[in-house]
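Just so we're aligned, residue 36 is where the sequence shown starts under this note's numbering, counting upward by one.
Be aware that a few hints might be false.
Derived lysine-lysine pairs resembling BS3-like cross-links, with alpha carbons at most 30 Å apart [unchecked claim]:
id, residue 1, residue 2
1, K210, K187
2, K206, K296
3, K265, K285
4, K210, K296
5, K265, K187
6, K285, K296
The hints are simulated quantities; they were obtained by calculation from the structure and are not laboratory data.
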Amino acid sequence: MSFYPMIPYWALVLTALLLGGLLWWSSRWLLRPGSDRGTRLTLLRRACLALVLLLTLAGPTASVSQADTVSNVEVYLLVDRTGSMAAEDWNGSEPRLNGVRQDLTAIREAFPQARFSVLALDSAAARELPLTSDLDAVAAWIGSLRQELTSKSTGSSLERALPLLSRTLVKAAEKQPGDVRVVYLLSDGEPTDDGAAAQEAASAGLSWQLLEPLVDGGAVLGYGTSQGGKMREFDGTDSSGAGSQAPYIKDGVTGEDGVSKIDESALQAAADGLGLRYVHRSAPGGTEAFTQVDVQAALGDGRRDSRHQRYVVWPLGLLACGLLTWEVAALARAEGRLSRLAPSTRSPQS
36 MSFYPMIPYW ALVLTALLLG GLLWWSSRWL LRPGSDRGTR LTLLRRACLA
86 LVLLLTLAGP TASVSQADTV SNVEVYLLVD RTGSMAAEDW NGSEPRLNGV
136 RQDLTAIREA FPQARFSVLA LDSAAARELP LTSDLDAVAA WIGSLRQELT
186 SKSTGSSLER ALPLLSRTLV KAAEKQPGDV RVVYLLSDGE PTDDGAAAQE
236 AASAGLSWQL LEPLVDGGAV LGYGTSQGGK MREFDGTDSS GAGSQAPYIK
286 DGVTGEDGVS KIDESALQAA ADGLGLRYVH RSAPGGTEAF TQVDVQAALG
336 DGRRDSRHQR YVVWPLGLLA CGLLTWEVAA LARAEGRLSR LAPSTRSPQS
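Could you build the full structure based on these sequences and the hints that come with them?
So, in structure tokens, the structure goes:
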């Protein structure tokens with residue numbers, strides 16, 4: 036048995052002082068000279084009520100053991116949706132995002148009882164979906180995945196996701212240290228920010244290697260070819276973007292149609308740092324190469340018997356109900372006695 040207060044500690048202390056003060060003030064009347072046994076019982080009853088209330092607010096809990104279940108698995112999807120991910124060189128001439136959607140669906144189906152979180156990477160990194168077990172929400176996000184608006188593209192790189200991913204994994208480990216964390220990074224790895232994000236991450240002391248202890252499994256999935264592919268402009272409408280007939284994005288230097296090429300060295304470096312496998316994805320199928328994560332092995336490092344806390348307040352609730360019933364009955368009897376005494380204290384009318 037342990038205690039996890041339902042309210043902040045300062046509020047619990049303040050409540051205890053307030054109840055103690057009320058009991059002290061009440062005792063000055065109830066324990067006055069000449070008081071009978073009933074008044075002492077009243078004070079005892081109210082003191083018990085105060086104690087029950089304080090114990091309830093203190094949050095008595097019991098540890099509940101859960102044998103290795105995949106509900107203890109947290110899956111983090113870091114998805115690149117920069118304009119280059121619309122390059123038409125996946126499965127021949129399809130947009131890379133087509134492959135990303137298929138692979139995300141395979142990952143979702145491989146962990147039917149896990150909780151998922153989606154982090155999107157474009158000109159900035161943002162949490163698109165907080166940790167949730169709602170697989171329909173995950174499927175909806177996958178279905179709506181599009182490249183970033185071409186007009187808002189300012190360049191990016193994998194390192195731009197490091198601050199957000201670091202904060203996310205550190206907080207998750209602090210909150211649920213017994214959970215298994217699986218990370219999937221889906222990108223073409225192509226840096227288009229002249230190394231700005233990498234320099235910022237290095238200045239902040241962040242690296243993929245620092246995150247390795249927080250990651251239990253997953254993979255880095257790479258999309259694109261060395262020959263590269265052109266990308267359609269996207270303005271937020273259905274008639275633009277990957278798979279449409281919109282104009283191709285132009286190279287800012289040459290003015291010609293831009294060509295995006297996969298950067299496997301950057302992807303391999305991220306995979307090595309995280310301690311994950313790098314898998315080049317160029318066509319449908321073969322998802323078992325990255326969806327078969329050995330959860331049991333991760334749980335076997337001491338987290339197999341994951342313990343969770345559950346509030347145990349129902350006994351205190353029953354006790355409080357009994358004391359309140361007693362209090363109400365005592366007040367009713369006192370009121371009855373006062374009403375019977377009232378006629379005898381009235382002055383005779385002349």
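Evaluation of the provided hints:
{"no.": "1", "hint": "K210 - K187", "in the structure": "violated, 35 Å"}
{"no.": "2", "hint": "K206 - K296", "in the structure": "violated, 35 Å"}
{"no.": "3", "hint": "K265 - K285", "in the structure": "holds, 9 Å"}
{"no.": "4", "hint": "K210 - K296", "in the structure": "violated, 39 Å"}
{"no.": "5", "hint": "K265 - K187", "in the structure": "holds, 18 Å"}
{"no.": "6", "hint": "K285 - K296", "in the structure": "holds, 15 Å"}
The structure shown violates the earlier hints numbered 1, 2 and 4.
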